[in-house]
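Student: What follows is each chain in one-letter form.
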Amino acid sequence: MAYLTVSDLTFTYHAAKTPALAGCSLSVGEGEFLLVVGRSGCGKTTLLRSLKPALAPYGERTGEVLLDGTPLDQLTPRDAATLIGFVGQDPERQTVCDTVFAEIAFGLESVGEDGELIAGRVAETADFLGISHLAPRKISELSGGEKQLVNLASALALRPRLLLLDEPVTRLDPPAKLRFLSAVRRVNEEAGVTVILAGHDTEELFPLVDRVAFMDGGRIVSVLPPREFVKAADHAALPFLPTVPRVWRLSDGNGEAPLSVREGRAWLASLVGTDAATEPENVPTETGSAAPLLSAKDVWFRYGRNEPDVVADLTCTLSPGEILAVLGPNGTGKTTLIKLLAGILRPVAGTVRFEGKKDLPKAGRGGVAYLPQNPALLFAHDTVREELDEMTPGLADKEDKIADVVSRLSLGDLLDAHPYDISGGEQTRLAIAKLLLLSPRVLLLDEPTAGLDPVARGELRAILRELSATGCAGLIATHDLAFASETADRSAMFFNSKLTFSAETRRFFSANRFYTTQAARLTRDRLSVAVTADDAVSALKRRGGKTV
Amino acid sequence: MTYADRLHPLTVFLYYIAILVLTMTATHPAALLPLFFCAVLLTCVQVGMKKAISGLPLALLLILTVTAINLLLVHRGAKILFFLYGKPVTLEAGLAGVSSGVMILSVILFCACLSRSLSGDRMVSLIGRRLPRLALLLRMTLGFVPRFRTRYREITDARGALGLTSERGAIQKIRARLTDLSILLTLTLEEAMDQADGMRARGYGLPGATRAVTEPRSKKDAWLSAALVLLLIPALFPLFSGRGEWNWYPLDPAALAPDLLLALSFAAGAAIAVLPAILEGKETLKWHILRSRI
Amino acid sequence: MTSFRPRVFLLLFGGVLALFDAFLWFRGQYRLAIPLLAFCLTLPALIVFEWRKSGARELAAIAVMTGLSVVGRVLFAPLPGFKPVSAVVILTGLSFGPLAGFMTGAATALLSNFFFGQGPWTAFQMLAWGAVGLLAGLFSRTRFRRNPVLLVLLGAIGGALFSALTDVWTTVAATGTFLPAAYLTFLISGFPFTLLYAASNVLFLLLLTRPILRKTDRLRSKYGLFA
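Chains as they are written, first to last, in this note's numbering: chain A, 64 to 611; chain B, 1315 to 1608; chain C, 1331 to 1557.
There could be a bad hint or two in this list.
What the hints assert, rightly or not - The calculated DSBU-like cross-link candidates involving lysine-lysine, where the alpha carbons are at most 30 Å apart (straight line), are:
1. B:Lys1534 / A:Lys201
2. B:Lys1533 / B:Lys1487
3. B:Lys1534 / B:Lys1596
4. A:Lys421 / B:Lys1487
No lab work stands behind these hints, which were simulated from the structure alone.
Just chain A, with the same shape it has in the complex (with noise of 0.2 Å):
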């Protein structure tokens, strides 16, 4: 007997033209850890969110959602709070309280548990999710991989017996990610938990889940386990696939689908043997090419006199069409050095030259770019068109720049709709047609990932690709290692105050063991290196693998 049913859902939201879900069916046993992928906007969050009562969005619903045999709606309110936990996308915005304690306590206390009891359950939740350190700290204080784990903790002490986790990840970088996850997964293994969980960062899941479902126009389309999924997965799902699995996919495709590296090695080495390994191609190291269109040299940076330096003794050069990536956990300083180049901050020392010119050129058209994390933080009207006219005023020109810009980040459909309701990916497009109004020489983009499907990703880069083809530097801060193995001519980590081993991309990569790309994980001493899952596929069909 399943747990949950679903049958059937369809949703409209107010004032909607099309349905979000349209004739959903699902159903999930007791104790089951459900992935749920697809695009931003395929509807994803609307069914999470209709899972739990008090979230539910407003709008038009026919279709029923069984609960342990009941339906939804006729739960009683403090059964759907405690029954159904939810943890949403976002650490920052969760939290109510000042302290840890008082955070987890607080659905304690709204369903109205006896104020003795409250504090134990806290204590409980608290130390089996390992945080019971945080109890009294601030949740001001707090990173942003502690705030979701404290999130987890207060949906936990109602002690649900389903968890829906909405992109519970997407903002964390990969340590926090794995720490989140972990702890999702003894929540369910050990505590029973069924869990739901929606989002792209499959690379991780695909090893937990027992099933996938895969989404697509409001509709769920398949529901199987990794292994099958990733056999049945068709042109639409397949950019969803973890980079081991896709790259069997794409090049084998026989006997039993890999799923976690380890498989993945064991899989290779029983095709091309495990002493194929071969030296990495020698990439021609093209330096000193053009003079550098923007360079930081011996740039130190603190934020006040007394406190530690963020960026120490950084030198760092841009050339024409280059994109650099800057990789490395949250909270180092890349957004600082980003501000830096941006011109935001001023060095305490050392100096940052545009074009050789020593003060940046006054921000705007033709100069330096930045695209903030969070893209929102750039929007100011209420129609996407009325964003783009703002970074035109007085241009002759003015209708075919947009026009332009609109059609190359496919912005059409959008013009007229608010930019707070289009998802994070098309948030993401707008912010870099606004910047691309400017016709920047350099750009300068902080975790531009984040949020974005495995699709919206792949169009990012494309973009990014082709501005480089007409002389456009970039700069990408971001933890995505494939992301950034995929896109940069160069890469460099940020560690300890500044950039070490800064390098051609594939060398960087290939040159490092732990901190690489699944891709270079999987190949290593096996094949010619490979450090993106494509450069992969196409070693496995040069050696004469079978092609899908």
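Keeping the supplied structure of chain A fixed, place chains B and C upon it in accordance with the hints.
Tutor: Relative to chain A, chains B and C alone:
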């Protein structure tokens, strides 16, 4: 670490409220003066001698201003000093002014000490049990205030870097700032809706909400509360009986005659007021000794 | 039982406070009685706020507006008398109704004085800002919401009310009683400031009304707030 940090916020709050009520109703100089000294003492203990002395000119200015206001505006009293624009300026008004100034200064000092002893967070947690909605409103707002400031910075940085905050003239500048502000508001309102969802997801608004026990009451709280009640009975005696009521207009020398009952009740009031200073002073001394031992 | 305890407590608390205030009045203890009266006058709105079961979203929206006006007051601290507080409070009233307007005003006074210094004057500021928010809220469902005449009027009333109420405290604090002549002197000598309050309110209102009402209207229709 202050002594008040280890007490239940209610104990601290009640002490200060009692002190403030006593100060604001103290008309008799013999009642007011000890309270004033306690205020000064407590301030010195809390902020340190140096800082307290640096506030002296401002305090004097306050007293002088209030005295001047009384001299100029109140023309009652028998002892006329001189006439100004045909209006009498009296000694009584001057003395009443000094007394008012001292009282206001004491109230300001005690209030400042209260907010040092009880942070905004603890104050909110104090009303949380009885006024949960108001407490939540205040707590959420306190959360938004720092966020507003950092978010505003981010917005001006990001838009400034795109050249959207043009610096061509006052009107353009103001317009750009307003745009930044409206972005800030939109962003924060959306964020607040998410936050509200986070609350609803955890059952906010269900009937019968409780509060977790976060601030346990200790034995010290019990002792101090008992002491407060015992001292308040005599200390409030003048207010409720009307005995020892002081009148500046006209000044009655008979009111200065010694009165044991009044003296006792004033002493009780002073005892309440001096207690925080003693306890905090002890704490400071203890830390001082501890540090010298380490 | 737990659910109505806060209400019973509030009513009892308010009653006792009002009685105590009457007693102080009778004793001639105006210095305490008048600020206490101001505080008691804010209580009915607080009680209604606590009583009503409006949702988390409404609460969050009020908290945002309060945060905005607190930050506004702190940011403009160097310019005496030139503050956006009344304007934000009035716009909250116009957007979300009388109760939200009052709560924003009262909470702004209470919270911003954690930065500026608490004291008996807090009660008067709570009352002044709360009242102007409440007044503006009465027009929230009318079609004059964006009418410049109404905005100028509300801004001027806001400035006048703030002066009138804070001067009550100044009078009582300085002279120990409420002398109408002294009060009048304070009002007259403070008139330039009153003008400044009113002018800054009107200025901020004219600048902020369009953008803020647009945001709050969108919010109301998107999330069904204060419906």
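Student: Hint check: Lys1533 of chain B vs Lys1487 of chain B, CA-CA at most 30 Å. Holds or violated?
Tutor: Violated, because 59 Å separates the two Cα atoms, which is more than 30 Å.
Student: Is the Cα-Cα distance between Lys1534 of chain B and Lys201 of chain A 30 Å or less?
Tutor: Within the cut-off at roughly 26 Å; holds.
Student: Does Lys1596 of chain B lie within 30 Å of Lys1534 of chain B when you go C-alpha to C-alpha?
Tutor: 15 Å, holds
Student: Holds or violated: are the alpha carbons of Lys421 of chain A and Lys1487 of chain B at most 30 Å from each other?
Tutor: 26 Å, holds
Hint violations for this structure: number 2 only, all remaining hints satisfied.
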